[in-house]
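Undergrad: Chains G and F, in that order, give the protein sequences.
Numbering of the first sequence is given in my numbering, commencing with residue -17 and proceeding in unit increments.
Numbering of the second sequence is given in my numbering, commencing with residue -17 and proceeding in unit increments.
Treat the hints with care, as some may be off.
Note: identical chains are not told apart, hence a pair may lie in one copy or across any two.
[Stated by the list, open to error] DMTMM-like cross-link-like pairs, simulated, lysine to aspartate or glutamate; straight-line CA separation at most 20 Å:
#1 Lys255 x Asp101
#2 Lys255 x Glu238
#3 Lys254 x Glu134
#4 Lys(-14) x Asp60
#5 Lys0 x Asp101
#6 Lys12 x Asp74
#7 Lys254 x Glu120
#8 Lys254 x Glu238
#9 Lys240 x Glu250
#10 Lys254 x Asp74
#11 Lys0 x Glu131
#12 Lys99 x Glu142
#13 Lys0 x Asp60
#14 Lys240 x Glu131
#15 Lys(-14) x Glu281
#16 Lys73 x Glu258
#17 Lys255 x Glu134
#18 Lys2 x Asp45
#19 Lys12 x Glu120
#20 Lys138 x Asp34
#21 Lys9 x Glu98
Since the hints were made in silico from the structure, they are not lab data.
Values in this document were obtained by computation on a predicted structure and should not be read as measured data.
There are 2 protein chains.
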Amino acid sequence: MKQKIALAIHGGAGTILKSKMTAALEKAYKEALRLSLQKGYDVLTAGGTSLDAVETAVRELEDCPLYNAGKGAVFTADGRNEMDASIMSGKDLAAGAIAGVTCLKNPVTAARAVMEKSDHVMLIGSGAEAFARLHGIEMVAPDYYFTRERWEALLKIREEDPDRTDLDHGSSKSYRKKKKEEKFGTVGAVALDREGNLAAATSTGGMTNKKWGRVGDSPVIGAGTYANRLCAVSCTGWGEYFLRLCVAKTVADLMEYKGYSLLRAANEAILKKLPEIGGDGGLVAVDAQGAVALPFNTEGMYRGYVKNNGKIVVDIYA
Amino acid sequence: MKQKIALAIHGGAGTILKSKMTAALEKAYKEALRLSLQKGYDVLTAGGTSLDAVETAVRELEDCPLYNAGKGAVFTADGRNEMDASIMSGKDLAAGAIAGVTCLKNPVTAARAVMEKSDHVMLIGSGAEAFARLHGIEMVAPDYYFTRERWEALLKIREEDPDRTDLDHGSSKSYRKKKKEEKFGTVGAVALDREGNLAAATSTGGMTNKKWGRVGDSPVIGAGTYANRLCAVSCTGWGEYFLRLCVAKTVADLMEYKGYSLLRAANEAILKKLPEIGGDGGLVAVDAQGAVALPFNTEGMYRGYVKNNGKIVVDIYA
């Protein structure tokens, strides 16, 4: 019997208004998802590991200026780009994460180096960058991340609310409204390889106009990323809510402790637990039998998957 | 009926060799635990919240030079002190965390400010410090953290292995041996208040000679700290393993999804799951009925608890 393989990816969830989308832009977004899936699928069909597949798929999205990770990272309040990423191997629970890095071309590859070349799980800031440099991770100058669209997004927020110092003076309500208007930007991938091993990876440029070294769920094992022998999960959405629920670990635990199927566990987390506390977003997940789940409670989520037959499926809206 | 209250604390777990402990030192360690418990207990008996109680208890340990948090924080490889902390409210899953901060007298109070005065959960590095400064959190100069004992611990590691650049060149095995010889330093508290609300907090100075902006489980919601309506958990030990297992959330999920008692869930996490992947450490936990659990799989864990009767129990060894 041919072993099952599967790969699922996301490029962020949120208020992706159809009315603001052009046909050309939608095509470009989908094309990038297809390319990511094709490259990850090629790894799997060649007998590569799920870790290689998710890293490859995420790198492709990090290199695409359309998605909020790597090249397309949004700007912080002080006009910089601060990125976070994580990766996890389900076979042995090995994990690596970096947060608050500013000069790495592919943050997910640095996260993998943390996992494989250190005994640590999480490195942050300039220390993480020094570690990555030592291990030959590709560095870029800050202007690598400059994209007109992201820069204008920052200027727009500044113009709309010049006094806005993010969260310290505004009410949660007004902040919530602001946030809802912005796209939640994250990319991620989950995979099952021919050996039956699962892996997950997530990468993000964070929030436009973010301050205070804010970190969301993407680099946090258990929140934005988790993988074990049962499933692999990568989340996207309003990070603070994913952190408070430990969404990725919740999916794994619902399967392990309640015997839920992947789909039921993923739906419980995203369609029930997350909205209960006011959170928005989605996730992609795959289980050890090759089932995939891609639930979201937002208007859309850039997403796609591919299984043994090689048919690439991508979509944006519900 | 009088509502139940409970408070449990820890001051780190690990290889606390009885042979290296003097009577005077043991007394001092225990006295600090007693003081922390008494101050937290006073908050609870006065009708204060579990959040106030855990913050108070942790601040007390942060101010004590004996424990590896706040004042007693260990030194990084470059001779600095980098601290992490987190706090969580079980009632509403509100949470706050800071990582990699160097100038805050009480990191746990900064974590609480993140929870209450921002819409974020996790802030890191200089951004977190700027946020804390803006909100009036007490700042200190770097020499505040200087203690002869911690400095000599750094010098000793450097002397034993001057070329040791931590994890990048050494094998895991040699690293593991090194690590086992060091005390895992973390402080934490969990509490149940008269309203029936649970809270947890954890604070740490990290590892002696740490590099690369390493972050352990202490500031990670779900790994080192978790609280919901069922339980509150604060962990201590070899952080990387707690991160990979999401130990604190695992305890909560074993209770919620498998119906385990607090004690059974805590024991399953620390005495079964953690050693299975080679991890060392312990945790303190309290449930909504006021039961406490303080399991550890190391030679000792600085720990204690107090319940309604006000009897303070502290211990170090098994």
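Undergrad: Taking the hints in turn, state whether each one holds.
TA: We went through each hint and held it up to the structure:
| no. | hint | in the structure |
| --- | --- | --- |
| 1 | Lys255 x Asp101 | between (33 Å within a copy, 19 Å between copies) |
| 2 | Lys255 x Glu238 | both (17 Å within a copy, 13 Å between copies) |
| 3 | Lys254 x Glu134 | neither (35 Å within a copy, 52 Å between copies) |
| 4 | Lys(-14) x Asp60 | neither (46 Å within a copy, 48 Å between copies) |
| 5 | Lys0 x Asp101 | neither (45 Å within a copy, 28 Å between copies) |
| 6 | Lys12 x Asp74 | neither (33 Å within a copy, 38 Å between copies) |
| 7 | Lys254 x Glu120 | neither (40 Å within a copy, 40 Å between copies) |
| 8 | Lys254 x Glu238 | both (18 Å within a copy, 15 Å between copies) |
| 9 | Lys240 x Glu250 | both (12 Å within a copy, 16 Å between copies) |
| 10 | Lys254 x Asp74 | between (30 Å within a copy, 16 Å between copies) |
| 11 | Lys0 x Glu131 | within (18 Å within a copy, 62 Å between copies) |
| 12 | Lys99 x Glu142 | neither (45 Å within a copy, 22 Å between copies) |
| 13 | Lys0 x Asp60 | neither (30 Å within a copy, 52 Å between copies) |
| 14 | Lys240 x Glu131 | neither (45 Å within a copy, 48 Å between copies) |
| 15 | Lys(-14) x Glu281 | neither (31 Å within a copy, 45 Å between copies) |
| 16 | Lys73 x Glu258 | between (32 Å within a copy, 13 Å between copies) |
| 17 | Lys255 x Glu134 | neither (35 Å within a copy, 49 Å between copies) |
| 18 | Lys2 x Asp45 | neither (24 Å within a copy, 54 Å between copies) |
| 19 | Lys12 x Glu120 | neither (27 Å within a copy, 50 Å between copies) |
| 20 | Lys138 x Asp34 | neither (38 Å within a copy, 40 Å between copies) |
| 21 | Lys9 x Glu98 | neither (36 Å within a copy, 42 Å between copies) |
Comparing the model with each earlier hint shows violations of hints 3, 4, 5, 6, 7, 12, 13, 14, 15, 17, 18, 19, 20, 21; every other hint is respected.
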